[in-house]
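Participant: Read off the chains here:
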Amino acid sequence: NAGVTQTPKFRVLKTGQSMTLLCAQDMNHEYMYWYRQDPGMGLRLIHYSVGEGTTAKGEVPDGYNVSRLKKQNFLLGLESAAPSQTSVYFCASSSKTGPMNTEAFFGQGTRLTVV
Amino acid sequence: GDSVTQMEGPVTLSEEAFLTINCTYTATGYPSLFWYVQYPGEGLQLLLKATKADDKGSNKGFEATYRKETTSFHLEKGSVQVSDSAVYFCALASGGSYIPTFGRGTSLIVHP
Chain P
1476 NAGVTQTPKF RVLKTGQSMT LLCAQDMNHE YMYWYRQDPG MGLRLIHYSV GEGTTAKGEV
1536 PDGYNVSRLK KQNFLLGLES AAPSQTSVYF CASSSKTGPM NTEAFFGQGT RLTVV
Chain W
13 GDSVTQMEGP VTLSEEAFLT INCTYTATGY PSLFWYVQYP GEGLQLLLKA TKADDKGSNK
73 GFEATYRKET TSFHLEKGSV QVSDSAVYFC ALASGGSYIP TFGRGTSLIV HP
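Those sequence lines, one after another, are chains P and W. Counting in our numbering, the first sequence runs from 1476 upward without gaps. Counting in our numbering, the second sequence runs from 13 upward without gaps.
It should be emphasised that the hints constitute simulated quantities derived from the structure, not laboratory data. A virtual CB, placed ideally from N, CA and C, is assigned to each residue, including glycine. A couple of the hints might just be wrong.
Claimed, not checked - As a list, the in silico DSS-like pairs of lysine-lysine whose alpha-carbon atoms are at most 27 Å apart:
| no. | chain 1 | residue 1 | chain 2 | residue 2 |
| --- | --- | --- | --- | --- |
| 1 | W | Lys64 | W | Lys80 |
| 2 | P | Lys1571 | W | Lys72 |
| 3 | P | Lys1571 | W | Lys80 |
| 4 | W | Lys68 | P | Lys1571 |
| 5 | W | Lys80 | W | Lys61 |
| 6 | P | Lys1489 | P | Lys1532 |
| 7 | W | Lys61 | P | Lys1571 |
| 8 | W | Lys72 | P | Lys1546 |
What the hints assert, rightly or not - Far from chain W, some chain P residues (derived; all Cβ distances over 10 Å):
| no. | residue |
| --- | --- |
| 9 | Arg1486 |
| 10 | Val1487 |
| 11 | Thr1490 |
| 12 | Glu1527 |
| 13 | Lys1545 |
| 14 | Gly1552 |
| 15 | Pro1558 |
| 16 | Thr1561 |
| 17 | Asn1576 |
| 18 | Gln1583 |
Using the sequences and the accompanying hints, generate a full structural model.
Facilitator: Right, dumping it as structure tokens:
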């Protein structure tokens, strides 16, 4: 049972380059999320999706775009990377059981460095 | 809106010491409450959860009780080990929201 898988695990970009982070989940979850984690800042929500074909902005969306063309995949794009986007990125997914949200399941993270 | 406040770290303990990490929350309705643990270089993983008032979640010697009257979900362990060194996140999920709310995390360092 793979759960939530993120690729790549590590990446170094030059300022201005673009890249896409891929998140795949095999639990048939409706909701998916992209977070960034920086020292002393906890987790900050970048974008999220409540279903296939839908996306919404989170707390820190600037400089990022997302797409959810298939229910199991949630892509995070950086069109023009900046050093401020150096961070560890986590994807997560969750669902509902009746009226209650389940716990979130996290990927292993992508460590991105922009030089 | 929903929010979670947890004690700042780092919390530094000797092996076999008692651990408490405080967590309080603000939420509409009756949220589910969670503790996650993040080991170095890894993603967050669920440690324990509670879905209604007075429920006690437990796992790996850790416990937390859902206290609606004090809006708290404090994490405790009677005897910590070096292997418990990690960052611990308190979180909630409200039935009316799609987005889980996380605290800022508390780093635990356990010395031999």
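Participant: With reference to the structure, classify each hint as holding or not holding.
Facilitator: Hint by hint, here is what the structure shows:
Distance restraint check for W:Lys64 and W:Lys80: the Cα-Cα separation of roughly 8 Å lies within the 27 Å cut-off, and the hinted pair is therefore satisfied. Taking the CA atoms of P:Lys1571 and W:Lys72, the gap is about 26 Å. The hint holds against a cut of 27 Å. Between P:Lys1571 and W:Lys80 the alpha-carbon distance is near 22 Å, which keeps this suggested pair within the 27 Å criterion. The hinted pair formed by W:Lys68 and P:Lys1571 meets the criterion: a straight-line CA distance of about 21 Å does not exceed 27 Å.
Distance check on the hinted pair: W:Lys80 and W:Lys61 sit about 14 Å apart at the alpha-carbon level, within 27 Å; holds. Restraint check for P:Lys1489 and P:Lys1532: the C-alpha separation of about 25 Å stays at or below 27 Å, so the hint holds. At most 27 Å may separate the alpha-carbon atoms for a hinted pair to count; W:Lys61 and P:Lys1571 meet this at roughly 15 Å. A C-alpha spacing of about 33 Å is found between W:Lys72 and P:Lys1546, which places the hinted pair above 27 Å, so the restraint is violated.
Here P:Arg1486 stays apart from chain W, with its beta-carbon at least about 16 Å from theirs, past the 10 Å limit. Every Cβ of chain W is farther than 10 Å from the Cβ of P:Val1487; the closest lies at roughly 17 Å, confirming the non-interface assignment. With 10 Å as the threshold on Cβ separation, the claim that P:Thr1490 sits away from chain W holds: the shortest Cβ distance comes to roughly 26 Å. With a cut of 10 Å on Cβ distances, P:Glu1527 stays outside the contact zone with chain W, its closest approach being about 14 Å.
For P:Lys1545, the requirement that its beta carbon stay farther than 10 Å from each beta carbon of chain W is met, with the minimum near 19 Å. Distance check on P:Gly1552: its Cβ is at least 21 Å (rounded) from any Cβ of chain W, clearing the 10 Å threshold; non-interface status holds. For P:Pro1558, the requirement that its beta carbon stay farther than 10 Å from each beta carbon of chain W is met, with the minimum near 22 Å. With a cut of 10 Å on Cβ distances, P:Thr1561 stays outside the contact zone with chain W, its closest approach being about 17 Å.
Taking the minimum C-beta to C-beta distance to chain W, about 4 Å, the non-interface status of P:Asn1576 is violated against the 10 Å cut. For P:Gln1583, the condition that its CB be more than 10 Å from all CB atoms of chain W is violated, with the nearest at approximately 5 Å.
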